[in-house]
Structures are given as structure tokens and as C-alpha cells.
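Chains as they are written, first to last, in numbering that gives the first Met the number 0: chain A, 0 to 129; chain B, 0 to 145.
Please keep in mind that the hints were generated in silico from the structure rather than gathered at the bench.
Treat each hint with caution, since some may be false.
No farther apart than 30 Å at their CA atoms in a straight line, the calculated lysine-lysine pairs in the DSSO-like style are these [to be verified]:
1. B:K22 - A:K18
2. B:K9 - B:K108
3. B:K108 - B:K5
4. A:K75 - B:K22
5. A:K42 - A:K4
6. A:K4 - A:K75
7. A:K78 - A:K4
8. B:K5 - A:K78
9. A:K42 - B:K108
10. A:K75 - B:K108
11. B:K9 - A:K78
12. A:K42 - A:K75
13. A:K75 - B:K9
14. A:K78 - B:K108
If you only want the chain A side, here are some residues facing chain B, beta carbon under 8 Å, derived [what the hints assert, rightly or not]:
15. F31
16. I34
17. L54
18. A61
19. R62
20. A72
No residue lacks a Cβ here, since even glycine has one placed at the ideal position from N, Cα and C.
Here is what each chain is made of, one letter per residue.
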Amino acid sequence: MAELKPGEQIPELRATPDKYLTVRYAGASGDFNPIHIDEEFAKAVGLPGRILHGLWTMALLARAQTEAAGGAARLKRLKVQFRGMGLPEHEVVVTGTVRELTDHGTALIDTVAEQDGNQIIRNAEAEIEI
Amino acid sequence: MPVNTKAIGKTYEPVTYAVGREKIREYARAVGETDPVCMDLDAARAAGYADLLAPPMFAVVYSAPAVGPPIFDPEIELNFAMMVHGGQEFEWGEPVVAGDEISITASVKDISEADGRGYYVFESISTNQRGEQVCRGTWTNIVRGV
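Construct all of the structure, not just a fragment, from the sequences and the given hints.
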């Protein structure tokens, strides 16, 4: 478990969604919007190709917090803004910095998810039990 | 055309979701979950859970059937083709484990307009079979060109 002090970074989480990740996530989540699973459809509506589900990227960002906190049950709150779009087969990097420790045993973390240098989740705030 | 704000405050019929053990495993694999209490029954029980623990973002799986109806509610007149998911917040309460029955109630928290965009904010309140709140979700959808 990471040391959580104001100003310290949580351990960076890196993951590269493979070519078929969006298909598995569609099945797991129930979100079958074709922009995530159908290359031709995605291109026909002006996207560069199939894009990641924003909520998958949010789950990756959530996992960076729970791994720092030491367990999946320790995430109490997570608020994110989605920007741009994520692509399969490109690495996603989640970073976060402890903003403050509260007097009720939690830490507030400022966190983002980036891909190819672009923030695809920005201004995210997490609260974890410590 | 201004956004239609009549539906602010509207609440929808609750939806029930039964949490399955293999659904938790399938979701945990798709998001790369590493906490063994989400995949290994012995680890979950050793940690004091009755069954596999749902990862926090599994809230998406049980909430989604409840937030669909407001998005497609003709009274709201949300242009789905121009919609993007702008923001999301979850606040978690009691843990969710396989075997739980979750009841989810969605409502329209706010509808507003700024700079030619419509902002549609829906809330989902999820409780378990004991009436304990397990999650509150705030879903912000942005519609371009309103």
C-alpha cells in the first residue's frame, strides 16, 4: 500500500487495452453502442475508428485509487469529466496526487487519465479510505 | 431552440438488478481488477464478505438499466444522436456482493443550457435488499447544438 501524504503521488497505473477489449467490456457492462465495437460504423460517424468506453477508462482510473488504498472497497467517491476519446491498442496512464487528508479517515486525490499525451479524463477527484 | 426543462425533478419507477457471481467475475476481468475479493470466493469469504465483492465501478452495470429510460423519455426531448457523456460521479455506501438485489431509482436532477449546449443531469440512487444505500450516481450528458 502506498504512503499517502498531501503532495505525494499515488502509484502510476499503466494499461494498454488490447484490440478486442471494447468487445469484452461491452459484454461485461451492457453498453453495445457500435462506436465502441464496429470499426466501419465508427468511421462512418466521423471517428478515427472504434473508441474506448469512457466508463472503462473511469474504471481504470478507479483501480489506480483502490490499488493505492489497498482494496476495492476503499473507494468512497469518484467524480470525473470525460474529454476527447480513448483508442484501443494505445496505452492509458493514470496518475494522481494526494490533495489532502480529511479528519474522517479519507484522502482526497486529484487524478487524470492520459493517452498519447492527451487527458481523456481530467479534473477527476477521488476520495479513498486510508 | 431552448432546452425543455419541464422534466426537472421527475422520478422514474425503480428498476431491480440481481447481482450474479459470474457477472462480477466477467466485469472484474474486463476492467483488469486485481483485488482477489472480486474474483476468488475463498478470498472474499476470508475477508468477511458473503460472496464476491463487486468492484466499485460495477455500479455502472446495475445502474445503467435505470438511467436508460430518462435518456429516451420523450418528455425530455434529449437529442441522443448529438449526446456525449460529459461527466460522471459515484458515491459509494455499503458494499455490493454477489447475491444482492439492488433497487435503482433514477431522477432528473437538472436540465440547463449554456453556449449552445444542453446539459442533462440524471441521478441514480441504488439501495440493497436491506434498504441500505450502496451508490448514488450523477450522470451528466451534454447535447451539442441545442
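The hints, checked one at a time:
With a C-alpha separation of about 22 Å, the suggested pairing of K22 (chain B) with K18 (chain A) holds against the 30 Å cut-off. This hinted pair checks out: K9 (chain B) and K108 (chain B) have alpha carbons roughly 8 Å apart, not beyond 30 Å. Between K108 (chain B) and K5 (chain B), the direct Cα distance comes to roughly 11 Å. Compliance with the 30 Å bound is thereby established for this hinted pair. For the suggested pair K75 (chain A) and K22 (chain B), the alpha carbons sit about 22 Å apart, so the restraint of at most 30 Å is met.
For a cut-off of 30 Å, the pair hint linking K42 (chain A) to K4 (chain A) is broken: about 45 Å separates their Cα positions. With a C-alpha separation of about 18 Å, the suggested pairing of K4 (chain A) with K75 (chain A) holds against the 30 Å cut-off. A hinted pair counts as satisfied when its Cα atoms are at most 30 Å apart, and K78 (chain A) with K4 (chain A) qualifies at roughly 21 Å. Restraint check for K5 (chain B) and K78 (chain A): satisfied, since their Cα atoms lie roughly 27 Å apart, inside the 30 Å limit.
Proximity of K42 (chain A) to K108 (chain B) is assessed by CA-CA distance (about 34 Å); at most 30 Å being required, the pair is judged violated. Taken as a hint, the K75 (chain A) and K108 (chain B) pair is honoured in the structure, with Cα atoms around 21 Å apart against an allowance of 30 Å. For the hint linking K9 (chain B) to K78 (chain A), the alpha-carbon distance of about 23 Å falls within 30 Å, and the restraint holds. Between the alpha carbons of K42 (chain A) and K75 (chain A) the distance comes to roughly 38 Å, so the proposed pair goes past 30 Å and is violated.
A hinted pair counts as satisfied when its Cα atoms are at most 30 Å apart, and K75 (chain A) with K9 (chain B) qualifies at roughly 27 Å. Only pairs whose Cα atoms come within 30 Å are accepted, and K78 (chain A) paired with K108 (chain B) is accepted, the gap being roughly 16 Å. Taking 8 Å as the C-beta cut-off, the interface hint given for F31 (chain A) is violated, the closest approach to chain B being about 11 Å. Below 8 Å, beta-carbon pairs count as interface contacts, and I34 (chain A) has none with chain B, the closest being about 11 Å; its hint is therefore violated.
At about 5 Å, the closest approach between the beta carbon of L54 (chain A) and any beta carbon in chain B falls short of 8 Å, and the interface hint on this residue holds. Given hint, A61 (chain A) at the interface with chain B, holds; its Cβ is 5 Å from that chain's nearest Cβ, closer than 8 Å. Because the smallest distance between the Cβ of R62 (chain A) and any Cβ of chain B comes to about 7 Å, under 8 Å, the interface hint for this residue holds. For A72 (chain A), the suggested interface contact is upheld, since its CB lies about 5 Å from the closest CB of chain B, less than 8 Å.
Going down the numbered hints, you'll see the structure goes against 5, 9, 12, 15 and 16, while the others check out.
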